[in-house]
Structures are given as C-alpha cells and as structure tokens.
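Please model the entire structure based on the sequences and the hints provided.
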Amino acid sequence: MSAPDGFQEEAALGKAYDARLMRRLLPYIGPYKWLVLLSLAIAPPLFAVQLAPAWIVKQGLDRVFGGGSEAAEVPGPDWLLGIFEAPAGLPPLAWLLILYAVTIVTMAALRFLNMYVMAWTGQLAMRDLRRDVFDHIQKLHLGFFDRYPVGRLVTRATNDVENLAEMFSSGIVQAVIDVLFMAVIAAALLALNPELALITFAVVPVLAVVAVIFRMKVREAFRETRVWLARINAQIQETITGMKVVQLFTRELRNLRDFEAMNAENRDAWQRSNRYEAGLFSAVEVAQNLTFAVILGYGFRIASAGTFYVFIEWMRLFFMPLRDLSAKYSVMQSSMASAERIFQLLDTEPAVQDRGDAPAVTAPRRGEVEFDGVWFAYQGEDWILRDVSFRVAPGEKVALVGHTGAGKTSIIKLLARLYEPQRGQIRIDGVDLRNMPQAEARRRVAMVLQDVFLFSGTIAENIGLGRDDLTPADLELAARSVEAHGFIERLPDGYRSELREQGSNLSAGQRQLLSFARAVAHGADVLILDEATSSIDTETEAAIQRGIHALMEGKTAIAIAHRLSTIQDVDRIYVLHKGRVVEDGHHEGLLESRGVYFRLYQLQYRAQEGGEGSARTA
Amino acid sequence: MSAASDIARLREGRSSARAAVARLGQYIRRNRRYYAGWTVITLGYVAGFLAVPILLGRTIEATEAGADAREVTRMALLFAAVGVVAGTLRFFSRVLVFNAAREIEYELRNDLFAHLQRLPQSFYFRWRTGDLMSRCVNDLNSVRLLLGPGLLSVVQTPILYVGALAVMFSMDWQLALLVLIPYPLFILIARSFGKGMHRWSIEVQEGLGDLSNQLQEAISGIAVVKSYGMENVTARRFARANEALLHRHLRLTRVMGAMPSITGLLPSLGMLIVLGMAGYKIPAGEMTKGEFFTFAMLIVQLTFPTFIMGWVFALVQRGGAAMQRIDEVLATEPSIADRDDMVELDELRGEIEFRDLTFAYPGAEREPALRGVSLRVPAGSTLGIVGPVGSGKTTLASVIPRLYEVPDGQVFIDGIDVNRISLQNLRAGIAMVPQDAFLFSTSLAENVAFGLPEVDSARVAQAVERAQLTQDLAELPHGLATVVGERGVMLSGGQRQRAALARALALSPSILILDDTLSSVDAATEEAIQRALAEVFGGRTVVVISHRISSVRDCDQVAVLEDGEISELGSPKELLLRGGFYARLARQQALEEELEESVA
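If you read the sequences in order, they're chains A and B.
Reminder that position 48 of the first sequence reads as 47 in numbering that gives the first Met the number 0, one-by-one numbering, no gaps.
Reminder that position 421 of the second sequence reads as 420 in numbering that gives the first Met the number 0, one-by-one numbering, no gaps.
Some but not every residue of chain A turned toward chain B, in silico, with C-beta under 7 Å:
id, residue
1, 92
2, 107
3, 111
4, 149
5, 239
6, 266
7, 284
8, 408
Derived by calculation from the structure, the hints in this document are not laboratory data.
Idealized CB from N, CA, C, for every residue including glycine.
Next comes the structure, spelled out in structure tokens:
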C-alpha cells in the first residue's frame with residue numbers, strides 16, 4: 000500500500016548548492032534586501048569583537064603581567080593598537096578588564112542581532128513563499144490533484160518551506176559571513192606571525208579533501224531518507240483518512256508490517272548519514288588538535304606566550320565553521336531538496352489558465368451554453384467525449400442522459416472549466432470559455448457537484464462561500480428555497496452552527512441540501528446539476544425537486560438527471576452514448592423513435608423506480 | 000503519583016509532562032545498549048577534553064622555563080596523540096547518540112501508526128487529520144532532536160563542567176571558586192527564558208498545524224473552490240494562518256536567540272575574573288603563565304557547550320512539548336478493544352440482534368442517534384433499512400462491526416454481545432461497504448484485494464465481475480493495474496462505489512452490510528449487481544440500507560427508521576399494507592413508475 004511514484008519529486012537532487020535554485024530563491028529575499036545588508040553590516044564589528052578577547056589576553060600576558068618574554072612589536076595601524084593602551088591615570092590591568100567586559104557584552108548583543116536579522120529575513124521570505132505555493136496550488140487544474148496526494152502538497156507548504164527557512168537563518172548568509180571571517184582570521188594570523196601562520200594552515204588542504212569525500216558520501220544517504228520520509232508520511236496520511244476501511248477489513252497488521260519496512264529503510268539511511276556527519280565532525284576536531292600540536296612544537300622558538308594564546312584562540316575560531324560544516328551541509332542539502340520540490344510544484348503549469356491577451360468579456364449575461372465539436376480525454380487518446388455539439392438557449396432546461404461512463408460528468412467538469420477540451424470549443428454567452436477569465440465564467444455558471452464538499456466554518460459560511468455581498472437574509476432565502484431551512488434551524492446554533500471536518504455532523508442528504516443552497520445563493524444564469532438527487536430519499540427529494548424547480552425558473556439549466564421527473568421537466572434531452580451525442584429531443588419524441596433513449600429508458604428510468612417493471616424484464 | 004490516577008489521566012487522553020517523560024524513558028531504556036556504550040565513550044572523551052588544556056599549560060610552562068627543543072617536541076607529540084584519540088572518541092560518541100535517536104524515532108513512529116490503527120471512529124471525529132499528521136511528522140522530529148543533539152549536550156556538558164572544575168580546584172581552589180560566581184545566573188536565565196520558549200514553541204507547532212489544516216481543506220475542496228470562484232476566500236484564510244505563523248516564529252526566534260547570547264556571557268565573565276586575578280597573581284609569582292593557560296583554555300573550551308545550552312534548552316523544551324503532544328495520542332486508550340471476557344468463535348453464523356439499543360455519538364449532550372431499537376435478523380436472512388435522511392440508518396449498520404462504542408447488552412451477534420467478540424473475529428466475519436466508498440491510492444486490483452491476505456487475481460476478477468465493474472476496466476488506462484488516485488478520483492462516482500463493493504465481495508463474509516452503496520450506480524447496473532449478490536450471498540445475512548424500494552423489496556424484513564427509532568418493522572408486503580413511511584415511499588416510487596408508463 001505504498002504511495003504511488005507518479006511524481007518523481009521525491010527523488011529530488013541531493014545537491015547542497017544549486018545555483019539555479021538559488022537564483023529562483025533570490026526574488027523572495029529581494030523585498031527584504033535591506034535586512035540582508037543589515038546583517039552584512041553587522042559582520043565587521045562582529046568579527047572585531049570575536050577576535051578582540053584573545054588579543055586583550057595577549058596584551059596581559061606579554062605586557063601587563065610581566066615576567067615573561069616581551070612581545071615583538073606587532074604590525075598594525077596606530078589607532079587600533081592605541082585602543083589597548085590604558086588612558087593616563089588608569090592602571091593597565093583595569094583598562095584591559097574594562098575592554099574585555101565591553102567586548103563580551105557587545106559580542107552578545109551583536110550575535111543576537113545577527114541571528115535575529117537573518118531569521119527575520121528567512122521568515123519573511125518563507126511567508127511569501129508559502130503564500131505563492133498556496134496560490135499556485137489553487138490555480139492548478141483538477142487533473143493535477145488526481146495524481147498528487149494532498150499529504151504531499153501539505154508537506155510542500157509546511158515542512159519543505161520550514162526547511163528552507165532554516166537555510167535562510169543558518170545557511171547561506173551565514174556561510175558567506177563564515178568564509179569572510181575565516182579569511183579575516185587567516186590574514187590576521189599571517190600579519191601577526193607569517194611563519195607560524197603558514198605552518199598552521201598546512202592542515203587545511205587535508206581537511207578540504209576529507210570534506211569533499213564526506214560530501215559525496217552523505218549525498219546518497221540523504222537522498223534516500225527524503226524518498227522514504229515522503230512515502231512514510233503519505234502512508235500515514237492515507238491510512239488516517241481511510242481508517243474506517245482499514246479497520247473494517249482488518250488490515251491493521253499488514254499495514255503495520257509494510258509501514259515498519261519503510262520506516263526501517265528510513266532509519267537505516269539516516270544512520271548511515273550519521274556516520275558520515277560524525278566522521279567529518281571528528282576529522283575537524285583531530286585537525287584542530289594537530290594544529291595546536293604544531294603550534295606548540297614549532298612555535299615556542301619564535302613566539303611569545305601571548306602570541307601562542309592568540310594563535311590557539313583564533314585557530315579555534317577558524318575551525319569552528321568547519322566543524323559546523325556537516326550541520327550546515329545537512330541544512331543546505333535538505334533545503335535544496337525542499338527548494339527543488341517546491342519549485343517543481345510551482346513550475347507545474349496550470350493546464351487551465353486565463354489568457355493574458357484575451358479581450359475583456361463584454362458579452363451580456365444571457366445564459367447561453369454551446370458545445371461545438373468538443374473532444375476530451377483525461378489522459379492521452381482515451382477519448383471520453385467525441386465531437387460533442389449542442390446548444391442550450393438562454394432559459395432553456397436540458398437533461399443529459401446516458402449510461403454510466405457515457406461522459407455526462409465530464410461535460411459538467413468542462414463547463415466548470417475544471418478541465419479543458421483537447422479539441423473544439425465551449426461557449427458561454429457566445430464567448431469561448433478559454434477566452435473568458437475563470438472568475439467571469441464562475442459568475443455566470445453555478446454548480447451542484449456530485450461530491451458535496453463542506454468547509455470547516457459555519458453553515459452560513461458554507462452557503463455564502465465567502466461572498467461578502469450576501470446578507471444573512473439572502474442565505475436564509477436560498478436555504479428556504481431548497482427546503483434546507485428546516486434542518487438548519489433545528490441545529491443548536493442555526494445558521495451559525497459550526498460544521499465539523501467535511502461536515503461529518505450532517506447526513507449525506509443534509510449536506511446535499513446545503514450544496515443546493517449554495518448554488519441558489521450564488522445566483523448565476525446557468526445552473527448545472529450533477530446527479531444532484533441521487534443519494535436523497537424520496538421525501539427529501541420531492542422537497543428538493545420543488546426548490547430546484549423554483550430555482551430553475553428563468554435560468555438556463557443543465558442537469559445530469561437520474562430521475563424521471565427531472566427528465567420530464569426539461570425542454571430538451573441530449574442522449575450521450577460512448578462519448579457522443581446520439582439523440583436529442585423531447586422525452587416522448589425520443590421514446591417514440593425507439594433509439595438509444597428508448598433502451599436507456601427501459602434500462603434506467605423504468606427499472607430504477609418501479610419494482611414490478613424490472614422484475615418482469617428480469 | 001499513584002498508578003490509578005496515572006491511568007485515569009491516560010484514559011482521558013490528556014498527557015502530563017511527567018507521563019510524556021515516563022513514556023520517553025521507556026524507549027530510552029529499551030535502547031540502553033546504545034546509551035551504555037555512549038556513556039563509556041563520553042567519559043573517555045571528557046578525559047581527552049580535559050587533557051588538552053592541561054598539556055597546553057604544561058608545555059607553555061616548560062617553554063617559559065626554557066626547556067629544550069626535544070622536550071617541547073616530546074610534549075607536542077603527546078598532545079597530538081591525545082588530540083587524535085579525543086577526536087576519534089567524539090566520532091563514536093556522536094554516532095551512538097544520533098543513531099539511538101533514529102532508532103527511537105523509528106520505534107515511536109511504528110507505535111504511533113499501530114496505535115492510530117487501533118483507535119476507533121469516534122477518535123477520528125474529534126481529531127483533525129492535519130493535526131494528527133503534524134504530530135506524526137513535526138512533533139516526532141522535535142522529539143528526535145531532543146534525543147539527538149539535545150541529549151548529547153544535556154548529558155555531556157555537565158560532565159565537562161564537573162571535570163573542568165575538578166582540574167581548576169586542584170590547581171587553585173580560590174580562583175576556581177571565583178570562576179564559578181557567574182554560573183548561578185544560568186538558573187535564573189533558564190527559568191526566565193524557559194517559559195517563553197515553551198509557550199512559543201507550542202504556538203509555532205500549533206500554527207503549523209493550523210496552516211496544514213487550511214491547506215488540506217482547500218485542496219480537498221478544490222472542485223468547490225474552483226467552481227464557486229472562492230479562491231480569494233481560501234487565500235484570505237490561508238494568509239491569516241500564514242501571518243500568525245510568521246509572528247509566532249519571530250517571537251520564538253527572539254526568545255531562542257537571546258538565550259544563547261546571554262548564556263554565552265557566563266564563561267566570558269569567568270574569563271574576565273581569571274584575567275583580573277592573573278593580573279595580580281602572575282606578577283606576584285603565585286601563578287605561572289602555564290597555569291593561566293590551562294585555566295583560560297578550560298573556560299574557553301566550555302564556552303561553546305555553554306553557548307549552545309540555550310539552544311539545547313529550546314530543543315529540550317520543544318521536544319518535551321512535542322512528546323507531550325505525541326503522548327496525548329498514544330495515551331488515548333482505544334475505547335473499542337478486546338476485553339478479558341471474550342468468547343472465541345470459529346465463524347459467525349450471521350445472526351444479528353439489537354436489544355433496546357440506544358446510542359448517542361460522544362460529545363456534550365448530543366441527542367441519541369438511535370433510541371430503543373430492538374430487532375432480530377436471523378442468520379442467513381436479509382434486512383432492508385429505509386428511512387429519511389439523518390434517521391440513524393448508517394449508525395445502526397455501523398454498530399454491527401463495532402465501528403462505534405455500544406453499551407453492553409444491546410447488540411448481539413449469534414447471541415453473543417458484540418463487545419465480547421474479538422475485533423478480528425467480528426470484522427473478519429463481516430464485510431461492510433461504507434457510504435463514502437473510500438479507495439486507496441494503489442492499483443484497482445490492490446484496492447479490491449484489500450481484505451485478502453494477498454492479491455489473488457482469480458478472486459479479484461470474480462469480485463470485479465460480480466460488482467459489474469468488468470466492462471469499465473476497458474475504459475481505464477491500465478485496467479485493473481490503474482492507480483486510482485487519492486480517494487479513487489480517477490474513477491467516476493459509480494465506478495468508485497462498485498470498486499468499494501468489489502472490495503467487500505472479494506471476501507466471503509457471514510454478514511454483508513451495504514450502506515447506500517449503490518446510490519451513484521444506475522438502476523440497470525444495480526439490478527445486475529443484485530442478481531449477482533443473490534447468487535453469492537443466498538444463505539448469508541445481508542443488511543441493505545437504501546433509498547430505493549427496489550433495493551429492499553426482496554428483503555426478508557424491512558425496518559423503517561425515523562428519528563433514530565424503528566417506526567415500522569416487518570416483511571415488505573406487511574409494510575406495504577401498514578400504510579406508513581414504507582408504503583408512502585413505495586407509493587411515491589410507484590406513482591413515478593406509473594407516470595413513466597403512461598408517458599410510454
């Protein structure tokens with residue numbers, strides 16, 4: 000029961016740095032570049048206060064405490080060296096202590112500032128990115144969601160974005176600052192004692208080789224963990240959603256076994272990567288200690304105790320970023336993988352898009368619907384609709400009938416522009432649907448879909464669906480017209496009753512009544528009903544039929560009818576068979592012609608309701 | 000704390016911090032082999048950690064005293080050797096503790112998954128999927144961080160401190176005491192920041208959960224969102240959650256960032272004291288430069304572990320809160336579980352009896368969904384259930400396989416209280432097709448074989464045939480191998496219902512329950528299905544919920560539910576004569592048929 004691999008997004012690249020992705024992330028930083036500049040501006044004083052403590056100790060060891068070898072004159076600008084000279088009247092030791100105290104407090108403040116500014120930038124950028132991901136998801140056409148599990152989309156906008164935030168707060172800018180800092184340390188040590196400095200840095204190339212090996216090793220392990228984690232989470236998600244079925248079919252044990260297997264693979268990959276990370280960590284530590292040994296074994300001939308101290312302290316600062324490299328590398332790598340997945344999602348072109356160049360729609364709202372040679376397939380050449388043409392005049396009511404799979408539902412989805420046809424045109428009020436902005440199309444066409452989806456929120460919100468222009472009175476009117484008012488009023492808080500997830504506190508019929516109320520409240524000229532009455536009991540259905548009758552008054556209506564009464568109500572029936580319109584006309588006329596409709600009628604409408612009739616046929 | 004009160008709390012599904020820690024302790028104990036090795040290695044590492052400053056100081060001392068090159072080289076080599084050993088030990092220390100964290104993450108995740116599978120439907124009414132997901136993903140990750148870098152520092156840093164202090168005291172106890180002066184501040188700092196950190200890390204987690212929920216809802220309802228053009232509404236909702244999350248993140252960052260900056264000050268203050276004292280002691284000859292080096296180096300080496308204590312503190316806080324949230328799930332006792340007084344059945348015969356069943360969904364003062372329902376379905380007979388929307392039909396069917404908790408003495412299978420039949424036993428004997436026809440995102444074949452020990456192609460083909468799905472296979476891109484997409488969205492409503500039906504028909508249950516299963520299937524197909532069912536299930540108990548008279552007309556008895564009560568019960572013929580709901584329904588549907596005939 001593993002998640003499908005329909006999308007390769009899981010196996011995102013294992014790069015720690017990808018210039019292409021970085022370029023795409025840049026625009027998110029753009030609006031906040033002043034914050035980036037601020038953190039760069041903080042860097043030089045931060046460097047200074049980090050280097051200063053060792054230097055102050057050196058002053059003490061070599062000049063103030065006395066008793067040892069005097070330091071050789073140190074090269075440097077006078078103003079800089081002058082800072083360490085005690086002002087007149089103050090003992091040198093007191094001055095050093097004052098300097099030290101000021102330095103450490105400043106360091107604490109600057110470190111906080113540095114960290115906060117970077118985190119702030121990251122969080123602002125991530126908020127924007129989350130917004131873009133959400134907006135993009137909403138623009139994608141419906142077919143996309145058939146293949147992309149909800150769980151993964153949620154991961155994109157939450158965990159993946161959180162990963163990126165980490166890169167911003169401890170990754171890219173920090174890496175630049177670290178490298179700069181290492182360069183500053185190297186320069187300062189060279190200036191202080193070139194000979195000792197050169198020997199000290201001898202170990203760095205070795206370390207570089209180790210880091211490269213580490214990088215290659217850890218990449219593979221990381222990539223694996225990503226794939227497994229995505230599958231694990233998809234499985235948890237799906238199992239939770241389908242828990243009733245899991246339990247009814249007592250699949251718990253087998254599910255758990257499958258799950259444990261995936262989970263173990265994930266753990267093993269992580270444990271592999273732990274080894275590489277720890278390897279790098281301890282390599283840096285060994286290198287650092289060896290450097291100290293070199294400084295000790297070689298340096299005593301050419302340096303004072305104070306210089307030793309400075310060397311050891313600054314080298315420690317020099318190695319610090321290297322030691323964190325493994326942590327940073329993991330952050331960068333998982334961020335890049337997340338960025339890759341996020342941009343892959345953002346790069347998915349919405350198959351249904353508003354045309355930028357389309358002229359504004361000026362056609363008056365009449366409520367006319369036209370299919371003109373429409374061909375449509377969900378996939379490849381598996382045509383669901385073949386050359387379908389028909390015209391529904393303003394105010395006309397038509398029914399689409401056909402056997403299961405004849406293409407009725409697809410026509411509805413095309414009309415809602417949830418998909419687009421491969422060939423032919425669909426016109427609303429004479430305008431090609433593709434040239435009509437989606438918002439405009441939706442103002443003209445209201446839908447009652449087969450699956451009733453309710454949002455968390457109140458009953459009223461679920462009828463109004465966020466339309467601010469609808470007053471409570473409008474909503475009630477809509478509810479009354481479809482006879483939903485009765486059950487709503489019986490709820491504890493009436494229209495203000497909160498719906499649970501997917502309206503689980505309502506029955507299927509009540510949910511359907513609500514969806515009718517929605518369509519009524521929406522007030523479009525074209526009303527589309529998709530098997531709207533299928534799971535309603537006869538009594539409720541009768542009530543709804545009355546409501547819908549009132550609603551359809553003066554409107555264009557297209558219904559996928561399962562009920563005879565609906566069929567008899569409509570002005571015209573289109574009979575679909577295997578994706579084609581094979582007949583059209585009135586109920587009686589169609590019956591008389593004894594074609595497909597006649598057979599359908601025998602099969603579907605007659606047998607559906609009537610007991611004895613079907614028994615005879617059987 | 001008494002065990003009884005502990006259990007009482009667990010039952011309520013609320014978790015105290017102590018219960019969460021206790022649970023985590025169990026996992027740690029289970030993996031003690033990792034931790035035993037780790038402790039030994041840590042001690043070795045600490046020895047190396049302390050040797051480095053001591054050797055440094057000695058070398059400086061020797062240099063100052065004018066030692067010769069050979070002496071210094073010898074010391075440098077010793078230093079190098081210690082350095083290599085310490086660095087190597089560090090490798091094992093990290094591998095062990097991080098691997099243990101992954102091991103526990105693995106165990107916890109398995110346990111969470113297994114536990115979720117044990118929790119009943121009433122649990123899933125109360126908990127949102129997004130919330131549960133966030134606990135399984137984000138909170139688990141936080142716990143892992145607590146066990147990895149968190150535990151590493153929490154255990155290692157105090158040992159480092161103890162060792163360093165021991166060395167300092169042995170060298171100069173007065174100075175050592177002075178160095179200690181700033182540290183009590185740490186407790187103050189930890190306390191004042193701890194609260195904020197705890198609060199805001201929980202708020203961030205909840206913010207993430209909220210965001211997931213918004214997203215999940217918008218995606219699940221995407222068809223409605225699009226067809227009603229309500230993208231702006233959902234975007235506004237999302238923006239609110241997004242903005243709240245940003246705000247919470249920043250608050251947390253402020254607290255989390257301030258703490259290490261301030262704790263980092265503590266060793267620096269110690270260093271300030273050492274520096275000042277050295278200013279007096281070295282000129283006075285009471286301290287050598289080498290000793291100063293050792294002191295200073297010890298303090299400097301402690302700076303980083305202390306500096307990250309703030310961050311570690313946050314990890315621990317967040318991890319603790321996360322463990323509590325996980326514990327909340329794990330501590331929820333499955334209210335539907337096997338009991339001690341179970342009766343072992345070989346196979347169900349299929350008799351169902353409700354005795355004065357009254358059932359209310361959990362929740363404050365909810366009206367009972369079923370009231371005083373008494374009904375007996377003899378083994379091998381068929382029961383039809385009809386009634387208006389929301390009258391309790393689905394609830395009645397759902398208590399048979401114990402999807403909901405029923406009181407003792409009200410529902411019986413083969414004369415035995417359902418609560419005394421093991422779930423495995425009970426559910427293996429019942430096949431139910433729920434109303435919503437949920438399919439998994441696997442192939443159609445795997446979905447149909449869902450209840451079978453393995454994908455048995457002959458049985459799958461048979462089930463597909465009986466559910467009248469065979470003709471549809473040709474339309475699907477890969478036939479039975481077609482991946483049906485999340486919730487089966489590749490299929491039409493009718494196809495989905497028939498696939499869900501096939502899933503049940505692949506089994507050979509003693510009781511088959513169809514909950515309005517064929518509402519989206521056209522009548523001709525339904526009739527064919529009914530014929531197949533009659534063939535296969537003749538002699539077995541079948542419960543059919545439907546809105547169509549044609550679906551229940553041939554049942555042995557029909558129950559009419561209205562407002563949770565049985566208003567009519569009897570054979571379809573009797574009910575027709577009684578003139579109640581059933582007769583009305585039949586008349587209405589017959590009238591429609593007459594209408595049809597007259598038109599024809």
